[in-house]
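Colleague: Take any residue in the sequence shown, count from 1 to its spot, add 69: that is its number in the working numbering.
It is worth saying that the hints were derived from the structure and are not from the lab.
Built from N, CA and C at the ideal position, the CB exists for glycine as well.
Careful: at least some of the hints might be erroneous.
[Said to hold, decoys possible] Beta-carbon label-pair distances, calculated as ranges:
{"id": "1", "residue 1": "P122", "residue 2": "Y188", "range": "24 to 34 Å"}
{"id": "2", "residue 1": "D182", "residue 2": "V124", "range": "24 to 34 Å"}
{"id": "3", "residue 1": "R145", "residue 2": "N121", "range": "15 to 25 Å"}
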Amino acid sequence: MILKLNNLGESTANELQQLANQLNVQIDNILDFRNIRAPLGDGNYIILLRLNPGVGHWVCMCNNEYFDSMGIGPPRILGATKCNEKQYQGSYDNYCGLWSMLYLYSKQHNRPDLLRNFYDLNTEVSLS
């Protein structure tokens with residue numbers, strides 16, 4: 070079975086869990102950031118950061134390493150010891166859930182090469 074996402078590429082928690090099952094990716098929990106009260110510790114987590122009502126951004130943690138497809142550092146409460154600084158996702162794209170899943174897949178299946186060849190989209194353009 071192939072997972073079909075809605076037209077915008079946005080992912081629900083259920084869709085991400087289905088994709089994890091298809092890819093043999095272990096997820097210990099899918100969490101809403103507003104409900105996290107202490108550092109998560111070791112494990113594999115997908116976390117929904119709610120920016121505004123109805124607007125969210127998926128990030129993930131794998132054994133205290135934080136991944137955000139926008140290259141933004143982790144909220145302190147998560148207790149992350151490492152994080153990425155590279156921006157993989159375009160500012161107007163809606164694929165953060167898929168990027169989080171790719172990160173977890175690369176960590177769990179020993180495939181760091183999967184993320185190496187993507188460009189860092191956090192660049193400045195000088196028009197002078």
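Colleague: All hints, please: hold or fail.
Modeller: Hints, verified against the model:
1. P122 with Y188: 24 to 34 Å: holds, 33 Å
2. D182 with V124: 24 to 34 Å: holds, 33 Å
3. R145 with N121: 15 to 25 Å: holds, 21 Å
Of the numbered hints listed earlier, not one is contradicted by the structure.
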